[in-house]
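*Asks:* Order-wise, the sequence lines are chains A and B. The first sequence begins at 3 in my numbering and counts up by one. The second sequence begins at 47 in my numbering and counts up by one.
Among the hints, erroneous ones may be present.
Just some of the chain A residues that point at chain B, by a computed CB distance under 7 angstroms [what the hints assert, rightly or not]: (1) ALA50; (2) GLU57; (3) TRP58; (4) ASP61.
Not everything, but these chain A residues come out facing chain B in the computed CB check (under 8 angstroms) [unchecked claim]: (5) ARG29; (6) ARG30; (7) LYS33; (8) ASP49; (9) THR52; (10) ALA60; (11) GLN132.
It is worth saying that the hints were derived from the structure and are not from the lab. The beta-carbon is built from N, C-alpha and C at its ideal position, and this holds for glycine as well.
These are the residues of each chain, in order.
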Amino acid sequence: MAGVQDWVLLAYRMPREPSSPRITVWRRLRKLGAVQIVDGLVALPADARTKEQLEWVADLALEAGGDASVWIARLSSARQERELAARMAAEVAEAYQAVVDEVAELRARPDAIQQRTLGRLRRELRRIAQRDYFPPAVRSEAVAGVAGLAEMVGASP
Amino acid sequence: MRWATRSGCHVDRSACAWLIRRFVDPDATFVFVDDPDEVTDDVTPFDMPGVDLSHHGADCTFETMLRRYQLDDPALWDVARIVHEADLADDHFDAPEAIGLDVICRGLSMVRDDVEVLAVAAALFDGLYEYRHRALLLGRDPA
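Next up, chain A with everything else stripped away, as it sits in the complex (with noise of 0.2 angstroms):
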């Protein structure tokens, strides 16, 4: 059996040196929470967004004297689609766990919890949610951890 969605595939090398456009495209395909297939292969699922960000980073592979093409792709293993999902979920879910094991360590000394933390937390799970294709379970747990700090910064005087 196929895979059921598109995939949206970059394909890119780039040279060496100079090394900060490199860096720069590892961090964008980072922060979209590209995964990576073999070594200059990523895929992200495809939708409008993630086809014209992918788009952008071969731009600037291409720019930087490197090649780059975009793809839409569609794999021919289910199963393998569901182990692409699930290391996807992985790696979001490891970011989830750390906001949940901070909300418990917060939650053990209540004073130590400020506006500013909780802030913080905020900006991180959307920052995790920017990447989450494929929500792993530990989210929801991580949602409503950050939701309970702000219940008690909100109670606190």
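Start from chain A and add chain B according to the hints.
*Replies:* The following block gives chain B in isolation, referenced to the frame of chain A:
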């Protein structure tokens, strides 16, 4: 002049169209294409991969346009920072307005076609520009 960009206008394209009409070409008309190959020689393309008025290095298209047309109004550069973060969200700038602007533009494109999106967005960016303009004059956020 005629200008071309990709259909399905999001924040960068909407902001650029506003910038073009207000600061570059008051009589601008816009055409929307799905593929860069549909662009004919008599139109100026923007915010499409591979064209000059587009992303370059860390810049989004709005920033590229400010550079190309030598628009050095600091209020426009404030708008540019917000557009950059709404478009790319790469934490290059501190622009808390960006998250809201991104959502507003996405929602807008769900309920309006491109021509209408540009019309509504023009009012939005007029307001954003005026706000940043006053903020710079006052040295603080206007009431």
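*Asks:* Looking at the structure, which of the earlier hints fail to hold?
*Replies:* 8 and 9
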